[in-house]
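Q: Please construct the entire structure, taking both the sequences and the accompanying hints into account.
Chains as they are written, first to last, in the numbering used here: chain E, 9 to 335; chain L, 552 to 1050.
Any given hint could turn out to be false.
If you want a taste of the chain L side facing chain E, the calculated C-beta under 7 Å gives, among others [said to hold, decoys possible]: (1) A869; (2) A872; (3) M875; (4) E889; (5) G890; (6) N894; (7) L895; (8) P904; (9) L906; (10) P907; (11) A910; (12) G913.
Hints listed in this document are in silico derivations from the structure and should not be mistaken for laboratory results.
No residue lacks a Cβ here, since even glycine has one placed at the ideal position from N, Cα and C.
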Amino acid sequence: MTVATASALPQNVAWRAWAKRLGPVIALLVVVFAFAFATGAPDRYLSVHNLRVVLAQTVTVGVAALGMTMIVITGGIDLSVGSVIALAGVTAARVLHAGASPLLAVVAALGMGAFVGLLNAAAITRLKVIPFVATLGSLGAARGMAKWFANEQTVEIPPTWLNELAVTVPRQAAWLVAPGVWIAAVLSICVFLLLGRTVFGRHLYAVGSNEAAAKACGLSPNRIKLLVYSLAGAFFGLAGLLQMSRLRQGDPTVASGVELDVIAAVVIGGASLSGGQGGVAGSLVGALLMAFLRNGSQQMGWPTYVQETMIGVIIVFAVALDRVRRR
Amino acid sequence: MLAVRDLQKSFGATRALAGVTLNVQAGQVLALLGENGAGKSTLMNVVAAGLAPDAGQVLMNGNVVHFASPSEARQGGVALIHQELLLCPHLSVQENLLLGLESRRLGVLNAAQNRARAVELLSRFPHLHIRPEQKVSDLSVAARQVIEIARALAANAQVLLMDEPTSSLGVEDSQRLHTLVKELSAQGKAIIYISHFLEDVRQVASHYTVLRDGASVAHGALADATDAQLVAHMVGRDVTQLFPTRSAMPGDVLLSCENLATKQGLASASLQVRAGEIVGLAGLMGAGRTELIRALAGLDPVVQGNVGGPNAQTLTHAGVAARMAAGFGFLSEDRKGEGLALNLSIADNTTLPSLPRLARRGWLSLTKQWDATAMQMQSFGVKARSPAQPVGQLSGGNQQKVALARLAQQNAKVWLLDEPTRGVDIGSKAQLYDMIARAADAGAAVLLTSSYIPELLGLCDRIGVMSKGRLVLMRDARELDAHEILHAALGAPAKENLT
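A: Rendered as structure tokens:
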């Protein structure tokens, strides 16, 4: 997000800024339409039902990508997302299993996510371990904790309203899509405003762009990192809750490898892993792009290895394209 | 030996080179002068780093050449020594010296032969006591500069292009480098020496070529040109007065410190700066000037002594944020590393420390941020498309104006400026002096460091000299001259000690 108002920019600059922002959107549209025609049944691929499927599938990665976007903007990374999703899901499931209220389960999932985030941040700021290594450690540790909490098996949960969060077709037709999708949409707007319109948001960009300069301007990068990893952790916790809701059980082995999808979404969306760049809109488009790819490949009946290879190639090309555009 | 004929190069609509012609003979040092953005770097890149010209020729010994890459240029005998040193900090001196030129057999390094070559190269610079197995990251900036030069010699370069070689060196190291340049030219090397410092240029070069707006506009023997003439060629007009005239009478003490010491190399400094005053700090590299500024800014913890701010507040153990709240503003000597967030906008950079003032309950007013930045940009003459432009796209001079505008935007009462004009062309320098003088006239207390003594003498009311971590002298600028400052900086006993 820049502070640009279009009217104050010369025409060609405004144009280029728009082209840069629209790049991932165009890629998304290309993928959607390519599959719509490749499947030979555009009305089925673009049907309300299929769109609901894609959205319900994206919601976990999408919510996690919101948190990851904030971390990546500060120049950090969090590899523990997948494990935290499992840990938060299992935690919420245990709370529900014990007969507590669903609201308490929500608090437990978000709190667990934020707690792991806080530990990550403590390792990064106090022990001076680089984010990649600190969160590589918690990737293992959080997964272990999840298995321990769940006694190495899935945790059954009683039916509550929590189970309706990430369904493909919402029970009340007026909702149109699952409540989880609405939650993700509202949070996206909140994070968008947080990044672009608040002092804290601008400070995130400053820390990611040049930490020494931020320090010399009286900012406290360590405090900012503590906050951002914890906040993002709560987002990962929410993603875990949504995942549990979709599976209707707490599964300690779920979401293994999801960290790569989340990071890929953020990076395809234009964030720079060296910090100081990135935005909500891009990351969401990145998440959708991958969801449509997966969904499309499934509809085409392609085996998973084709999907995986294709997504890998697309990540590299999306980022390469972005670098060419910036030149 | 090297000649350039009517070279032209455009990037999109920007004409970086609009007809450059120059000539340098074996054994000659040619000074290439020009403001930032005049096309010096583009010219160097066309000659030695593989940038293809749109028109014109580069000739070596009368033959037209085109080097497709820096390594081809090195093989062809032309070596570019970058302003920003291009060394691998994790590798040893020897590995850096011979990178790409290692003696080997079937891909296996010949250790003994490589070491012998490295020792031979280093033996030409005995005063630095560099050992081949030392890690480059452990060396001083001056030593790294020498490694770059030695690397060029390893490739048997006949033509050396040196881009601002003294920009990060102190007085002593600059002198050594000049001696080295003269030796190299005496050995028959042709040298093109780019610098903003006319004093530097006069010490080493015999001839000059001036670039302005991408074209060579003047050339000749340095002995036949006055400084005023050279500057007029560079800026295209007369710079009647480089330093602003100032009128303000000193007011209250806004900054003071007594016996200040830090672990980072500041041994002892006591000074007072009043509102409306500009105080300069001179000294060699490592004399503790930067450390004093950083201790005052709150970046290095104080281990001894005390720091006072406006209204006699004690700030000895206050952090950066608390000192800023008390009215301190800091400009780092390292513009890219610590000064600016290069990929963020001018607006974000200008308002970074003062964001809370443009916000209500953490909610930022983008209009206020935009307007405040636009006002500062206009007030300081920052040349840019709009406040939204990333600061990294600006020229060095304009970047520095943004960095200073940040202090103005902060309403800083105490300006702590570490090398405010480093790496900035002479036209922008005049504007920066003006910005600083205006701040002082508006009632700010300014403490600045500079390695450029004429600048201190022209701009400051009082000058302090640091040597070996101590502030050894503080006197009215009118009572000092360059000789005395250097004398004190070298650690010789001062005639009078007024602190």
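Q: Does each hint fit the structure? Answer for all of them.
A: Status of the hints after comparison with the structure:
Interface restraint check: A869 of chain L against chain E, minimum CB-CB distance 11 Å, threshold 7 Å, status violated. A cut of 7 Å between beta carbons decides the hint on A872 of chain L: the least distance to chain E is about 4 Å, and the hint holds. Given the 7 Å rule on beta carbons, the hint for M875 of chain L holds: about 4 Å separates it from the nearest Cβ of chain E. Taking 7 Å as the C-beta cut-off, the interface hint given for E889 of chain L holds, the closest approach to chain E being about 4 Å.
Because the closest C-beta pair between G890 of chain L and chain E is about 6 Å apart, less than 7 Å, the hint holds. This hint holds: N894 of chain L has a C-beta 5 Å from the nearest C-beta of chain E, less than the 7 Å allowed. The beta carbon of L895 of chain L is positioned within 7 Å of a beta carbon in chain E (closest approach about 5 Å), and the interface hint is therefore held. The criterion of a C-beta within 7 Å of any C-beta in chain E is met by P904 of chain L, whose closest approach is roughly 4 Å, and the hint holds.
For L906 of chain L, the interface hint holds, since its Cβ comes within 7 Å of a Cβ in chain E; the closest pair sits about 5 Å apart. This hint holds: P907 of chain L has a C-beta 6 Å from the nearest C-beta of chain E, less than the 7 Å allowed. With its C-beta approaching chain E no nearer than about 5 Å, A910 of chain L sits inside the 7 Å limit, and its interface hint holds. With 7 Å as the threshold, the beta carbon of G913 of chain L comes within range of chain E, its nearest partner Cβ sitting at about 5 Å, so the hint holds.
When each numbered hint is compared with the structure, a violation occurs for hint 1 only.
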